[in-house]
Amino acid sequence: MRPPYELVGARPDPAFEISVDGRPVPVVPGQSVGAALHAAGVRSWRSTRFGGRPRGLFCGIGVCFDCLVTVNDVPALRACVTEARPGDRVRTSAADSGPEVSGR
Amino acid sequence: MPDVVVIGAGVVGAACAHYAARAGLDVVVLDRGPVAGGTTGAGEGNVLVSDKEPGPELDLAVLSAGLWRELAGLGGFEYEPKGGLVVAEDDEVLAALTALAAGQGVEHTVVDAGRLTDYEPHLAPGFAGGVFYPQDAQVQPMLAAATLLREGGRGAGRGTLSLRTGVTVTGFLRDGERVTGVRTDRGDIPAGAVVNAAGTWGGEVAALAGVHLPILPRRGFILVTEPLDEPLVLHKVYTAAYVTNVASDSAGLETSAVVEGTPSGPVLIGASRERVGFDRTVSIPVLERLARQAVELFPALAARRVIRAYCGFRPYCPDHLPVIGEDPRAPGLYHACGHEGAGIGLAPATGHLIAQALTGARPGLDLDPFRPDRFDPDRSGTGTPAKEG
Amino acid sequence: MTRVYDLAVIGAGPAGVAGALEASLAGLDVVVIDAAPRPGGQYHRHLPDSFHALRPGALHHGLERFMRQWEALRSRAEILLGHRVWAVERTGGDAAGGTAGATVTVRCLAGDREERPRAVRARALLIATGAHDRPLPFPGWDLPGVLTAGGAQALLKGSLVVAGRRVVVSGTGPFLLPVAAGLARAGADVRGVYEAGGRFGLARHPLLAAGKAAEAAGYAAVLARHRVPYRGRHAVVAAHGEDTLTHVTVARLDADWRPVATRTVECDTLACGYGFVPQLELPVQLGCATRRDADGTPVVAVDAGRRTSVPGVYAAGETTGVGGAELAEAEGRLAGRTVAADRGLRVPPLPALARRVDRLAAFARALHEAYPVRPGWRDWLRDDTLVCRCEEVPLSAVREARRLGATDARSVKLLARPGMGWCQGRMCGYAVACLAGEDPAAPRRPIAQPVRLGDLAGLEHPLRKDDRDDP
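Chains as they are written, first to last, in full-length UniProt numbering: chain A, 1 to 104; chain B, 1 to 389; chain C, 1 to 471.
Pulled out of the complex, with its shape left as it was, chain A reads as follows (with noise of 0.2 Å):
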């Protein structure tokens, strides 16, 4: 177990999967889209308009609209605010304009 679930005890419902730009990303029942794309190791899924510079969760509480996405087809939803849900379709910018999602 990682250290934050012994931390508080946690044992979480069961993960599931939700598809970001076809590539299956697991989450813990309550986390956010965003929360669960930067535990995968993803940081960045948005690229800006004008210099197409990366970008993923900076202030993390739905005030910065930088991690913007697209979920079952509706458009720039903050995903640090955005609860994952069983079979959420994920479409980011990044995939939109470039080859495909940065991860680490």
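Calculated from the structure, these hints are not laboratory results. From the three backbone atoms N, C-alpha and C, an ideal C-beta is built for every residue, glycine too. Among the hints, a few may not be true.
Listed next, the stretches of chain C that the computed footprint assigns to chain B, with coverage defined by at least 3 CB atoms under 8 Å from CB atoms of chain B [stated by the list, open to error]: (1) 414 to 422; (2) 444 to 453.
FRET-style restraints, in silico, Cβ to Cβ [unchecked claim]: (3) 24/A x 166/B: 45 to 51 Å; (4) 174/B x 379/C: 36 to 42 Å; (5) 68/C x 280/B: 54 to 60 Å; (6) 1/B x 403/C: 24 to 30 Å; (7) 204/B x 441/C: 22 to 28 Å; (8) 29/C x 166/B: 37 to 43 Å; (9) 78/B x 62/C: 51 to 57 Å; (10) 115/B x 289/C: 53 to 59 Å; (11) 166/C x 276/B: 54 to 60 Å; (12) 262/C x 204/B: 53 to 59 Å.
Based on the hints, put chains B and C in the right spot on chain A.
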């Protein structure tokens, strides 16, 4: 001593200063705030010929549209000659619209209902047709004003142009009736002439010289959407109702959405018209109406988010015409204000005409309909009658 | 929209929950509205039930107390979680102070993706909308891997995600300590805490004063146990990496925060924050008067009973001055009692509570004075450093706007577009104001949250079909 002091660093003041400096005059521009901080900073950047009924304002608009095209060569601000599409809700309105276009004598194309989507692929179905005006354009008004100020004094044979922000005019220097400069909170500035380009506050400035200009604020709200990756609206698009609203004298709320995309991505939705003084309190019902009208024009906008709304105050004159020219009641004081919602569009022509007046050149347009004393009771009956709004 | 509550509380953090509870206990019909799916606000953000955490308080200071209040509130008040408020309006009554008949309409969007519009009406309003991080720009601050301190904290508290493996914490203010301690305990290799302002070092940290000694010592002990270096007068002045953060430049600073010497620290994550920005959109929409806090930040002006300048509108917590969860809770309680009393209920005075607020507020002022943002941060920026992340406005464009005659933050925004994008200046507003040479103004945002045109118009739109998926 400067030849001219211009009061107001909005787009009209900037244009006056620009053309005056180009004509060889030394110009000082004063503003109590920053550059373009008043109505210019709240403007959409409309350069419209389409919404003007035949007459002096249309003449001014046509002159101005040509000057904007030329000024765009300066660079430094966005200028989009995108054209305007006016759509009609039904056949009756279309007939009126087509008749208006014919009377305007400006370049236009009547567009059949079936061809509307050639111009605007996302336009709602059901409109009876429309008129396309290729001369309608869009400028980024703040940058345009700043650029006119920066470039006015550049070049051989020109006068100088200096901008002083944070300077409040408190009165006028007089020699008898004649205005010979301004008093400010930073000291007196004698000048050969003074131009009142204070926009919505032009009446207050005029009052400092003891002359009456009936300029009132007419509030407008604008909605700004999220930036769109692909343009959804290609031209300036509005319904024919806009033309009647612009010309209306009502103090009550009038809305007729003008929808357009911008190079930076957001769609702008203007604009409501209300006479409520300088009240900035947001009216949700006004925003709701603008949103409804925008979605009626472009249903795809329903799924797009508004991220910003703001208001500004148009300088409204009872006869909807600006005040341009020397004030016979205070010689040496020139007015260039009261353009209501058309200040961005009409600025270059206004500046051009003011510069002509300042240098004693023959004006390119008859200034009589715009003369400053036309609202005085003893002048009524001559020229354009003043309506009380 | 027929029901009119006695009191609507916006914000289910420490201030909002405490205020709502007091008002409910006094007999008012209360509704609590919060954008998040769970209560707690930023400070008491906690895990979803689906994590089945046995010790949820392990990541929090004071969570148990908050949860007790929340449990007590739940059975007494209407709770609307997942409701983002985009506008508030006051109608009826009179400006002269009469509250009879006046109501406040709170316009919300319910749900995190469906966003169904919903309006809530109440006779009184308590604004407890809290604050968000205040970042400063520096080269590379928009690289993925750079997070706000609050963002790193939210990931951990709200979903047990450790923001990175090798993490640097930088900024100024007491908040850096719990963030660093939390990350270290959760298994991150915290490479250092760089406190730009802390000329005292950890041993003489201002938190040790005035009753916070135990809390501060706890953080210090965690950092010591994990061998996390803490450096005062140091800050991350640049972040580097190709597509994601790989290392940062840490500078030793002079008293004005100008870099004196630099070195490189490798890391995959940076958590940084320079204080907080109170969220004032809603009180400004209502016309509530603001004042400047000790550090120049605009906050809502309130009287001793937490009444704003607008009749029937109250405020508590960070919106009235950033001071932490304990102060927020006390202010919330005070506000809740004032609302009840103003609505004619018998509420016995509680002088101890008012004294507690005064004491904690004095401590908050002392902290503000201990952690000012110094002007030397501007020297960290280069011409091409983005000041505005949304519109990608570099420092050079801000400077050009200044040259063109933009003498204040608003005209800089009009000429160069910083603050025009998605976040509406929430991230860059402080920096742009500083670069324009002024204190930040209270934000005028008639639309506090993005709202779909279809929803604003009150129209049906195609996305409505998602409603079917809703339970």
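Right, here's what the structure says about each hint:
1. 414 to 422: holds (count 6)
2. 444 to 453: That given contact holds, which follows from 8 residues of the region 444 to 453 of chain C lying within Cβ reach (below 8 Å) of chain B.
3. 24/A x 166/B: 45 to 51 Å: violated (59 Å)
4. 174/B x 379/C: 36 to 42 Å: violated (50 Å)
5. 68/C x 280/B: 54 to 60 Å: violated (43 Å)
6. 1/B x 403/C: 24 to 30 Å: For residue 1/B and residue 403/C the Cβ distance comes to about 26 Å; the hint holds.
7. 204/B x 441/C: 22 to 28 Å: holds (24 Å)
8. 29/C x 166/B: 37 to 43 Å: violated (51 Å)
9. 78/B x 62/C: 51 to 57 Å: Hint holds: Cβ distance 52 Å, inside 51 to 57 Å.
10. 115/B x 289/C: 53 to 59 Å: holds (55 Å)
11. 166/C x 276/B: 54 to 60 Å: holds (58 Å)
12. 262/C x 204/B: 53 to 59 Å: holds (54 Å)
Checked against the numbered hints listed earlier, the structure breaks hints 3, 4, 5 and 8; every other hint is satisfied.
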